[in-house]
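Colleague: Residue numbers (the working numbering), protein chains in the order written: chain Y, 1 to 218; chain S, 1001 to 1307.
These are calculated hints, taken from the structure and not from any lab test. Every residue gets a Cβ at the ideal spot worked out from N, C-alpha and C, and that includes glycine. Incorrect hints may appear among the rest.
Across the chosen pairs, the derived CB separations fall in these ranges [unchecked claim]:
no.	chain 1	residue 1	chain 2	residue 2	range
1	S	Ile1226	Y	Arg56	35 to 41 Å
2	S	Arg1271	Y	Tyr82	56 to 62 Å
3	Y	Arg56	S	Tyr1225	36 to 42 Å
4	S	Val1069	Y	Glu152	32 to 38 Å
5	S	Thr1109	Y	Lys92	46 to 52 Å
6	Y	Glu152	S	Phe1143	49 to 55 Å
7	Y	Tyr6	S	Ile1261	21 to 27 Å
Partial pick of chain Y residues on the chain S-facing surface, computed with a CB cut under 8 Å [what the hints assert, rightly or not]:
no.	residue
8	Thr50
9	Pro76
10	Gly100
11	Val189
Not close to chain S: a few residues of chain Y, all C-beta gaps over 10 Å, as computed [unchecked claim]:
no.	residue
12	Met7
13	Glu67
14	Val77
15	Cys95
16	Ala140
17	Asn157
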Amino acid sequence: MTEGEYMQLGFLVDLHLCMGCKGCEIACKVENEVPLSTWRLRVKYVDVGTFPETKRTFTPLRCNHCENAPCERICPVSALHYIENGIVNIDKERCIGCAGCVMACPYGAIYIDPETQTADKCTYCAHRIASSMMPACVVACPVEANIFGDLEDPASNISKYIQRHRDVQVRKPEKGTNPHHFYVGASQVNLNPLASQREEGYNLFNKITHLPLGGHHE
Amino acid sequence: MIHDTLAATHAVVTLDIPLPDVFWGWYVTMNMWAKSIGTGLVFMLFLLLRKNAKEMDGLRTPTMIVSFVFMNIFLLFTLADLHQPFRMWHIFFYPHWTSAITVGAWMATIFVGLEFVMIAAMIRKEKCLLTKDSTAFFDKVLFWVTLLAIPVTLYTAGIMAEASARELWQMPTESAQMILAATLTGSAAIILLGGSKLSDETKQFFGAILGLSALMAFIIYMSEYIFGGMKSEETAAILAYVKDGGEYASMFWIGQWVAFIIPMILVALSRVSKSNSILSLAAILAIAGLWVVKHVWLVIPQLLPLS
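The task is simple: from the sequences and hints, build the whole structure.
Modeller: Pasting the structure below:
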């Protein structure tokens, strides 16, 4: 067995540190050439409280690289597949664009690339990891809110972080997906989409138009 | 419930651009609707064979052709809904067997192939498989095709169950709804196809299947409508789209009335008045209404933000 077979890569975001600068979002866009109107990683802003007692929370959202990934299970052609370090990767050449993975992912992390007409998502920058580099979003974060490493190695930064903090959470644990993506300092507002309202006119950017995705939609 | 948290926090999303919502639109509705008719007709043909084989005369080929046509409509819309339709062959060369999509694609292909063989045998009047004539061959193969029609009908429910993000689609509820959709539209289609070839008694028999399928499907939808949200806040949020003031409330009720409630009443009336015209009207409404029912149930879970 190689060393990689024991490795299980994971992510942790410390929301106490995140200041919503979107540096990670931009770095991801540039690194992976993510087309307009789609995102592998995005930062959600939620405003809490009533004026003047208000505060803004920031939550980076990306693929959770679940241990029990619904997208991998439903993919009819194994375009979505595990690689030995635990990353759920995607083979865009094999994808038939059925959108089964889009329907299965409880985190809304998978999109159809309008240029290739195939599914796409965060791969934890698998190509960079293969060259022993950190994911682009980790490098770009000015406050080191993104902690990335081997969950199987008790000496890794991420394992130590998880051991040190009591409020480590994942999104939608009830789905049984066993995400390899954790949050520290999160509340329901950060992690549960039903815990905040989406009111037209409140968004900083309204009336966003999306590029046509092909196929047929409502 | 999270609703209480909302009242306390007044949390409002001020910046988030969720990915576009409805990925499986009316092409997938067409897929499910056409497949219900295609497999449902096979179920009904098999029942007719068991109940009164004499009435099969003159119905075998046309019924199987109509089923074959609807199965091809189902396959066509499945293909058209793919973003990369020319890669469909990947399903056969790189199959991933944990996926209900893969299993379904293989079974549906075999099913349609068998239907083609049965139609060809009837048209060419060739005997095969140690049978004395093409009719005997048809009846022999029909048993196996009917068995295969069960998983072909059910696999879409498997896909919906594997769609973990869509809380509304639960197993075994969706399985029951898929089978009932097939018996509803299958009985409706054979009533319309049967014409003068079916006796009044047989028509009433299929009418009873239609009425009971409508009743059971309606009960399940109403059970989910009323009780679905009591244990899952995600389901409650999804069902809000078909409740008072919901975006799909009108369409939901139009579907329930046209597919289930009115056909149930018409089937009862046709039994009392012994009217085939009323029964035919019930059949047309059930087939048309089911499209609306399926569409609403397909779309509403996709409207809920996942992040």
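Colleague: Does each hint fit the structure? Answer for all of them.
Modeller: Consistency of the hints with the structure:
| no. | hint | verdict |
| --- | --- | --- |
| 1 | Ile1226(S) to Arg56(Y): 35 to 41 Å | holds, 39 Å |
| 2 | Arg1271(S) to Tyr82(Y): 56 to 62 Å | holds, 57 Å |
| 3 | Arg56(Y) to Tyr1225(S): 36 to 42 Å | holds, 38 Å |
| 4 | Val1069(S) to Glu152(Y): 32 to 38 Å | violated, 55 Å |
| 5 | Thr1109(S) to Lys92(Y): 46 to 52 Å | violated, 25 Å |
| 6 | Glu152(Y) to Phe1143(S): 49 to 55 Å | holds, 53 Å |
| 7 | Tyr6(Y) to Ile1261(S): 21 to 27 Å | violated, 60 Å |
| 8 | Thr50 | holds, 5 Å |
| 9 | Pro76 | holds, 4 Å |
| 10 | Gly100 | holds, 5 Å |
| 11 | Val189 | holds, 5 Å |
| 12 | Met7 | holds, 24 Å |
| 13 | Glu67 | holds, 14 Å |
| 14 | Val77 | violated, 4 Å |
| 15 | Cys95 | violated, 7 Å |
| 16 | Ala140 | holds, 18 Å |
| 17 | Asn157 | holds, 26 Å |
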